[in-house]
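J.: Add chain B with the ligand to chain A, keeping to what the hints say.
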Amino acid sequence: MTDTAQIPDSVYEQGEYNFAYLDEQTKRMIRRAILKGIAIPGYQVPFASREMPMPYGWGTGGVQVTAAILGRDDCLKMIDQGSDDTTNAVSLRGFFEKTAEVRTTCETAEATIIQTRHRIPEKPLTGDQILVFQVPIPEPLRFLEPRETETRKMHALEDYGLMHVKLYEDIAKNGHIATTYAYPVKVNDRYVMDPSPTPKFDNPKIDRMAALQLYGAGREKRIYAIPPYTKVKSLDFEDYPFEIQKFDKPCGLCGAENVYLDEVILDDRGGRMFVCSDSDYCEERRADGHLGPMAADPAAARISSTGIDGAKTGETVR
Amino acid sequence: MTTAPETNATQESRKTPATPPLAAGFQDPVHDAQACFRAAMNAIARPGTRQAVDAGGLTPPAPLTPVAAALALTLLDYDTPVWLDKPLMASDAVKAFLRFHTGAPIVSEPVEAAFALVGNPGQMIPLASFNQGSAEYPDRSATVILLGQDFGAVQAVTLQGPGIQDSAAFSVSPVPPVFWEQVAANSRQFPRGIDLIFAGDAEIAALPRSTRIMPTEV
Ligand SMILES: [Zn+2]
Chain A
448 MTDTAQIPDS VYEQGEYNFA YLDEQTKRMI RRAILKGIAI PGYQVPFASR EMPMPYGWGT
508 GGVQVTAAIL GRDDCLKMID QGSDDTTNAV SLRGFFEKTA EVRTTCETAE ATIIQTRHRI
568 PEKPLTGDQI LVFQVPIPEP LRFLEPRETE TRKMHALEDY GLMHVKLYED IAKNGHIATT
628 YAYPVKVNDR YVMDPSPTPK FDNPKIDRMA ALQLYGAGRE KRIYAIPPYT KVKSLDFEDY
688 PFEIQKFDKP CGLCGAENVY LDEVILDDRG GRMFVCSDSD YCEERRADGH LGPMAADPAA
748 ARISSTGIDG AKTGETVR
Chain B
113 MTTAPETNAT QESRKTPATP PLAAGFQDPV HDAQACFRAA MNAIARPGTR QAVDAGGLTP
173 PAPLTPVAAA LALTLLDYDT PVWLDKPLMA SDAVKAFLRF HTGAPIVSEP VEAAFALVGN
233 PGQMIPLASF NQGSAEYPDR SATVILLGQD FGAVQAVTLQ GPGIQDSAAF SVSPVPPVFW
293 EQVAANSRQF PRGIDLIFAG DAEIAALPRS TRIMPTEV
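So the sequence lines, in the order shown, correspond to chains A and B. The first sequence begins at 448 in the numbering used here and counts up by one. The second sequence begins at 113 in the numbering used here and counts up by one.
The shape of chain A in the complex, shown without the other chains (with noise of 0.2 Å):
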């Protein structure tokens, strides 16, 4: 695996692709399979995922249903972590710039449909907006059970069993439920599924959220949704109620409380701050007038004009 989703530019000099990419057959196949995604909530639907100009591993998925679904008037906005700004994200921007022409932003609310990796804009999701995740490992009960002929049986029977053994095995081990990223969560009161490795802290937003979600796993070629309003439970025990990450400080930059922060280090004498995961939330904060409490800080102040994401020690990444 490469370190970026770098794109060849021998993809582009081609010129032979059809708008976004794919040909209109896979395209077909693809959206067949989000229609029965969509109505069987948490459902992983397989489907042939095609070879992309991108290795596996750096959102093929969510690319196949981002062009899929993409049409001449939508505006896309592309995360990763939480930034619009890393390699990642700036790669597959530039692949729907060039392979169908669409508008793109960095600004959640002007975008028609949002491609995310690990992150849920910290700014509330409208119904006109859809929300496509890139997922790794699509099947919540993997790492429990590795044959997929058990877990589709497991599913069909609703026997989630184990996953509940494990999570108390967490309880009996650390005294609380010790896993912080892809949570799982029960949708519509039925299937259990995998929200990508989105931090804890994002699950709460979708549960009941207004815009479609929509998760595409490339590699393991699995492609499930979550309608509008569809109710989304994290899995936990009355005992042990589920929580989220909390942070005892807001944005060194904007302040910002109730989001979700990364860590980012100021200088080599250890100097360090907590600052938004969603870059976008913390500059329109800050264009807002808004100061946090490092602003004034010439460490600070300096990786607040030259962008964030660069500094930051990659806490978030698995």
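It cannot be assumed that every hint is accurate.
Stated by the list, open to error - One side of the interface only, derived from the structure: several residues of chain A facing chain B at Cβ under 7 Å:
#1 Leu482
#2 Ala486
#3 Pro488
#4 Pro583
#5 Ala603
#6 Tyr607
#7 His611
#8 Pro675
#9 Lys680
Honestly, the hints are just simulated from the structure, not real lab data. Fair warning: this is a prediction, and the values are worked out from it, not measured in the lab. From the three backbone atoms N, C-alpha and C, an ideal C-beta is built for every residue, glycine too.
T.: Chain B with the ligand alone, transformed into the frame defined by chain A:
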């Protein structure tokens, strides 16, 4: 199908009336299909809501309608066996149109179909006749498309479920008298069950299997 070899054009034109030219497909296959798909996706994601479909100037042979033809051209291909009800099956022109533009094999058993087109929905066969999918592969069930639907009917049902914020009123006609009982039974076997798309003049609506039909207060 002709059985005797043709000797010349004059003889052919005397023997059989000239076949009408096959109606054209989408003017812009890529973008017309994309727009129609988004309408279908929004309809299934928001059960009971009406979504505009521009049939892209399609003029399919009757009783196939422009909106149903747009859905067929958007969703069907050689991977999707399609079943037609009697009025559609009786039209060679309809079958020729669908074969030419989609390549979908036309099947005579409803249970073999991935998609069904119903030209006379007032007398449609029971929903249980179609492939309901299996417990392990519920996605393998049929999608049934009802033609000629009018969304202005007085009698409404109340919908609840994924894609619906609280509850929603929905009315459609024509459907058989037992239709709503069948739809309710369909949703009770979730995650198995068929998905319904209602094709009107310029709009579509959908009821996926996840939608529950609530008793309506009078
Ligand atoms: Zn901030």
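J.: Each of the hints needs a verdict: does it hold here or not?
T.: Against the structure, the hints:
1. Leu482: holds, 5 Å
2. Ala486: Result: holds, 4 Å to nearest chain B Cβ.
3. Pro488: With a closest approach of 5 Å, the proline 488 of chain A hint holds.
4. Pro583: Violated. Min distance 21 Å.
5. Ala603: Interface hint status for alanine 603 of chain A: holds (4 Å vs cutoff 7 Å).
6. Tyr607: violated, 14 Å
7. His611: violated, 20 Å
8. Pro675: holds, 6 Å
9. Lys680: Status violated, d = 13 Å.
Of the numbered hints listed earlier, those contradicted by the structure are 4, 6, 7, 9.
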